[in-house]
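**Q** Given next are the chains, with one letter for each unit.
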Amino acid sequence: MMQDQDKAKKIVELLDDSANALQPHVLQKLEAGRMQALAKHSVAAAGHAGLSEVLSAYLHHHRLIMSAALLCSAIAVAFVVTQQFSGQDTLEQGDAFLLGSELPPEAFLDKGFNTWLEETSQH
Amino acid sequence: MATAQELSDFLKQAERRAFKQTVYAVRDDHVALDIVQDAMMKLAESYADKPVAEYPMLFQRILQNATRDYWRRQKVRNFWTTLLSSFSGSEEEGDEHDPLETLAADNPDEEPDAQLERRQTIVIIERALEKLPSRQREAFILRYWEEMDVAETALSMGCSEGSVKTHCSRAVHSLAAILEKQGFHAAKRQE
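These protein sequence lines map, in sequence, to chains A and B.
Residues in the first sequence are numbered from 1 upward in steps of one, following this note's numbering.
Residues in the second sequence are numbered from 124 upward in steps of one, following this note's numbering.
These aren't lab readings, by the way, just hints derived from the structure by calculation.
Note that this is a predicted model, so its numbers are computed, not measured.
Treat the hints with care, since some could be wrong.
[Said to hold, decoys possible] Mimicking DSS-like on lysine-lysine, the simulated pairs with C-alpha atoms at most 30 Å apart in a straight line are: (1) B:Lys288 with A:Lys7; (2) A:Lys29 with B:Lys304; (3) A:Lys7 with B:Lys254; (4) B:Lys254 with A:Lys40; (5) B:Lys165 with A:Lys7; (6) A:Lys7 with B:Lys173.
[Said to hold, decoys possible] Here are some chain A residues the structure puts well away from chain B; computed CB gaps all over 12 Å: (7) Leu30; (8) Val43; (9) Ala74; (10) Asp95; (11) Ser121.
Glycine included, each C-beta is placed from N, C-alpha and C at the ideal position.
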């Protein structure tokens with residue numbers, strides 16, 4: 001086994017000599033190939049960048065649009081919240097009216113009562 | 124993820140051996156250059172997110188697949204050429220290849236006789252490598268030239284570690300036997 005290793009090592013030394021004596025035009029083509037590979041690598045590496053990096057880069061490039069979008073969202077949220085509170089006032093007022101009325105609240109749920117009211121008011 | 128600098132360094136140290144290795148497999152300098160260039164680009168494009176430590180094995184895989192694809196295409200082409208014409212060009216494969224052409228600068232400090240002998244030894248080894256069965260050649264190159272361990276070589280070749288050992292041993296014996304048959308000894312140049 002050790003003999004195999006030694007033989008292999010000596011053969012490989014000769015192969016190294018051969019690889020180190022390549023003709024200039026071969027070396028030039030290998031270098032050109034390497035350069036093309038590096039160009040492809042930078043494109044591929046950009047494609048593999050993380051989503052967060054892409055997102056932060058996008059946000060950075062579109063700061064104005066993003067600020068406007070945030071402002072609009074804040075206004076929309078404020079409007080919805082305001083509507084919610086004002087709606088609650090209306091409900092409270094309705095409840096107070098029903099409770100303060102001479103008629104019991106059940107009377108307004110009774111459809112027959114509306115019919116009776118219309119007929120009575122016509123007379 | 125490997126940086127551009129790491130990729131560049133890796134390719135720079137691997138490209139010459141990759142080229143020679145492919146020449147031994149396809150026996151054509153131009154085809155070998157195309158295969159190595161394509162392999163470099165595929166490595167950079169498809170495996171940009173991989174760490175640099177995985178590059179040697181991935182690069183070898185790409186090279187081996189590209190070499191096999193080349194031979195498959197050649198087989199189909201030769202089949203149709205033979206079928207359509209009796210003037211098949213199959214003899215041109217390798218016959219015009221002269222490894223001496225790829226040997227350029229000699230060591231100026233070396234004696235001319237020693238230079239000549241070394242060149243002859245390299246030519247014989249390269250021709251012997253070309254004649255080796257492809258699996259033996261792959262195993263020998265990955266294990267000894269690319270300095271992968273047995274497990275890595277097995278993974279790269281898609282076979283068991285036992286097969287790698289067998290291929291390597293047979294390859295070394297074949298190469299040594301061819302050298303000795305030609306009257307060269309692997310140890311000679313060391314003396």
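**Q** Take the hints in turn and mark each one as holding or not.
**A** Hint-by-hint comparison with the structure:
no. : hint                  : in the structure
1   : B:Lys288 with A:Lys7  : 15 Å, holds
2   : A:Lys29 with B:Lys304 : 36 Å, violated
3   : A:Lys7 with B:Lys254  : 18 Å, holds
4   : B:Lys254 with A:Lys40 : 35 Å, violated
5   : B:Lys165 with A:Lys7  : 34 Å, violated
6   : A:Lys7 with B:Lys173  : 35 Å, violated
7   : Leu30                 : 5 Å, violated
8   : Val43                 : 8 Å, violated
9   : Ala74                 : 39 Å, holds
10  : Asp95                 : 64 Å, holds
11  : Ser121                : 82 Å, holds
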